[in-house]
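Novice: One-letter residues, chain by chain:
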Amino acid sequence: MDFIWLIPLLPGVGAAINGLLGIRYFSKVLAARIACATMGAALLLSLVAFLELLGLEHREHVVTLAHWIPPIPLETASGIGAFEVPWAFRLDPLSGMMILIVTGIGFLIHLYSTAYMDHEPRGGYVRFFCYLNLFCFFMLTLVLGSTFLVMFVGWEGVGLCSYLLIGFWYHKQSASDAGKKAFIVNRIGDFGFVLGVFLVFYTFGTVDFREVAEAASHMPVEVAGFGVVSAICLLLFVGAVGKSAQIPLYVWLPDAMEGPTPVSALIHAATMVTAGVYMVGRNAVLFEHAPMVMTVVATVGALTALMAATIGLVQTDIKKVLAYSTVSQLGYMFLATGVGAFAAGAFHLMTHAFFKALLFLGSGSVIHAMDEEQDMKKMGGLKYYMGTTFITMFIGAIAIAGVPPFSGFFSKDEILYRTFLSNKWLWGLAVVTAGMTAFYMFRLIFMTFFGDYRGPGWKHEEHGGHAEEHGHTWHGPHESPRLMTVPLMVLAVGAFAAGFVGVPAALGGGNAIEHFLEPSFVATSASHAGEAEHAVAHLSHGAELALMAFSVLVGLAGISLAYHLYVRRRGQADRLAANWSVAHRVLLNKYYVDEAYGATAIDGTMASARGLWTVDRRVVDGAVNGAGWLTRALSWVSHVLDKYVVDGLVNLVGWICQEGSYLFRRVQTGLIQNYAVATLFGVFAFITMYLVARYVGV
Amino acid sequence: MSNTANFPLLSLIMFTPLVGAVLLLFVSKHSEDTIRWIANGFAVLGFLVSLPLWFWLDVATTDWQFVEKMDWIPSIGAQYFVGVDGFSSLLILLATLMGVIAILSSWTAITERVKEYYIFLLVLQTGMIGAFVALDFLLFFVFWEVMLVPMYFLIGIWGSSNRLYSAIKFFLFTLVGSVVMLLGILAVYFYYHEVTGDYTFDITKFHALNMPFDLQWWVFLAFFLGFAVKVPMFPFHTWLPDAHTDAPTAGSVILAAVLLKMGTYGFIRFSLPILPEATQAFVPWVVWLSIIGIIYGALVAMAQRDWKRLVAYSSVSHMGMVMLGMFALTPVGVTGSIVQQINHGVSTGALFLLVGVVYERRHTREISEYGGLSKVMPAYAAVFLVMTMSSIGLPTLNGFIGEILILQGIFVVNKVWAAFAATGIVLGAAYMLWLYQRTMFGTVDNPKNEKLPDLNLREWATFTPLLILAVWIGLYPKPFLDRLDTSVDRVMARVNSAYMPLNALGQGAVEPNTPPKVLTLEVDSGDTARTPVRGGAR
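Same order as they appear, the protein sequences are chains A and B. In terms of this note's numbering, the first sequence opens at residue 1 and continues consecutively. In terms of this note's numbering, the second sequence opens at residue 1 and continues consecutively.
FYI, nobody ran anything at the bench for these hints, they're computed from the structure. Small disclaimer: the values here were computed from a predicted structure and weren't measured. Using N, Cα and C, we set each Cβ at its ideal position, and we do this for glycine too. Among the clues, some could well be false.
As the list claims (entries may be wrong) - List of simulated lysine-lysine pairs, BS3-like, C-alpha gap at most 25 Å: (1) Lys590(A) x Lys172(A); (2) Lys375(B) x Lys172(A); (3) Lys448(B) x Lys172(A); (4) Lys28(A) x Lys375(B).
Unchecked claim - Computed footprint of chain B on chain A; a stretch qualifies when at least three of its residues, placed anywhere within it, have a C-beta under 8 Å from a C-beta of chain B: (5) 59-71; (6) 199-211; (7) 546-553; (8) 600-609.
So that you can see chain A by itself, here it is in the shape it has in the complex (with noise of 0.2 Å):
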């Protein structure tokens, strides 16, 4: 199994041949195979080490390739430790999932691109499939890192892939904001994530998760006070908060729609906005010593699950809807690892992962049969011309609505089960979500699948004026070519059957999943006669087969309404909007965050921005200015008084000598009677001055 650091690099080499090499020189052809051949590779090679992984018995395996930071002294809260991050790959139960996760879907995604992207030109056909790549090593380098740093590496290298393939058209205006949006409010996510680890190796003197697991292990649970661990927790929760799109910072998510539907369906749904669950289950052991935290985090996952679900429920654009229902899924993740159903979470990604993904291609193949047309309410009976896609995509809907026995029944319900034993409060709002997914999705298939045709007519052969501005002609609605339906088709087996590797005990089943990926959420040296702490309360099977049955009735009530509203009496929906205008307005406007955050922090950061740099200008280089202009006046003040003062003084003297000496020139006559006459004069003047002197008395 040592071969696991290839598993990330195969991907990553597809992307340096194709970058260095195919953007200028490949055909369209040799990049897709490049891509496609090393994601295969990569999925090959991840079936054979999870298949090893099965057989060793502590489910563990640690590759070591190289330093990355070799150690230097630093103090930690325990004495002088050494930081050090070496290049490490972790292979255990949850990465384990995690890979095949990401290669499976990953290389279908893979396949559907070669033929969704096949209109680019050859240049960006190549570009985007360098992107592509370059995201799967990346996202497997976080899910294998053995380390938080790592795995920071593939988390802010997820960042940069999602960044480019959201703008990947970046000639769009809107492409290029929402990519720099995704990427800037990530970074606020990552100031809260370096922080954290920044903690975690002052606490623990290491950034390895499992030696982090086994030090925290000894710990104390902070069930009294907020300690190091839940400031640890909190910090990490932020970085989880931003990949994961949950409240506050889930605006970048919607707008990251402006990427082509496979970078949707792989980065924005199946894969990267899952690494912050994944994240939060890889330090499940840090997590359950911090249960104020956990409350947090279960807090934050129930309330973007319900607020998502209902801003889900009015959008029109189809992308923007499986958006919404995204941040909502995700919300409900988080929500099990919050109430400790660590495993449950997983699952939950798990399922999700293959619904959302063959959802969001299933829209994609709507969206390339509507000639880019994004807005349902142009759609409409799209199921008579794209059947496969239809019969997929309503199975996607029908496993994301919690139907049994399809997948997303039972990873759902396993969260509302654990829910309900943890926070009847978080329940109701769960169930409540639960409601709305089902109707919004069903809303999204009806008004896709069902009803008339409401889109823009077509011309058979003819270059309409609609066409010409694609370059191509468009011969309204079909179904999509075989290379984009095939991955459908695995994916709606996925979507249908990936739960059943999580059947709960109530059921019949074993739970397989939850046994299976147990190790990664506790210390090892964490004896069993411990497990008993985390031993959940029990209802008996019967309460949970009522729970149960209540959440599915509750799913397909939602179903029912959306069938109401929108295949039974049609302009129903529109009436109800009107009624309810105003709610109507802020839901379809998302609550007005985005802004509000536009107000507040994006213009006061500009501001601040304009105010330093006028201060810069005025101030600070104005003091230096200032010190310019003063060294210049004096010199000026030294220069006046040098020429007129000091200068004009010597003048003075020379002026007054020659002026005397004109003036005593004229007594030189030479006459000597002149000269007696001044003798006489002279004379009488002493003789004057000396009576005065006697008179006066000196």
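Fit chain B to the known structure of chain A by using the hints.
Specialist: Same frame as chain A, but now just chain B:
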């Protein structure tokens, strides 16, 4: 002294560019291409002769290496004393490499007074290398001043619109700082005479000097003024945006990549080890100025409409980060600070080169003049993307290594400082990505941009080494970090008496019972302060 070369390697490295400059004097100013070939040749030669510093450096020794020592002005004790350790060897390699890149980047950009231009650039190289190798304080000061002159002319003659103002501002700012610094040097010089009876400018001897706190305090202030202007630290930074904006591309590249490092080099080489107690006393002040610099620089960068000025302000922000790591006074922080100096040289050097590429084509730096360049210059956009990511600290690229070490290094000292400084990672992403969006993304609205040629072979040659360095340091920084161990140990042993290098810890020899309190300020009583010389720096 171990690793003494059998020939004067450092002098060779230092004077190779000067030989080129002298040779250029004898070339007719009309044979411009000959001048260019000679200048480029000597720059490359200068880089090649500096390579032994990488391959021959002994990373384990704490001694100065490749030492050359002879009398210079015996009457005042000044010597021609040069030598390097891991830290200065990396900065010299950075200087010789950036010299090649800067000179190569000027081939078509400079068409007037070509001869003088290259002479000044080569003389500047010698000045910078000389400052990095000097182990005699007076020699250092001479090179420090020598650098000013060619840079002044480079900005003043080949600069853009407001060049005279900027050149004079650059010159006066640095000069004021260095005059005060000279006073500090003389204070140390005379104090050393007072306690030992010898007159010397030998830095290695100063490193073992134990000055009274009051004197240290004043000398620190004097050094601080000299070095902080050069870094530049807020609020002494305003010369930098002007100098960068108006300097020719090569000037900006050298200025950002190497000249600014003079300030940080000075702090690590002189202020910290010669004035350890004063350094500790000044930590909160320097740290807060650094944090202000990080945030302030980033915010002001965000408000810029001039591409080059934006990069210049980002330099203020990044150099704040460098200063922050240094004044963490933890080995991780100081290591990070040094690595980040190299990183800043690589990424900001590259960013200035990138501005230069489009400036040469369009003769404008206004960001609004550009847009959609990804379409017309895809290779350029790709290089710019990598360097943007390097600048904002994306893991796998160089900037991350420096930032993470600096922030971790300061975090263990003070969590609030770390939290404030870490906001730089958000703001950095904001202004750089916005710049990238405004220049590279969108549609090509300006008809003048429609036909811009992409990077040519010569431009690729300037970027390739920087791209390689960015990825290398990002993925495998160990060779760089290993070189810094003993340099950092030397500084740490002075500023933190409880400090112990890792190999001593690893052997389990001594484990201090209590973690050293880095920030405790030990105010020397007069008696201990008079203890003449502490035996052996380390």
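Novice: Looking at the structure, which of the earlier hints fail to hold?
Specialist: 7
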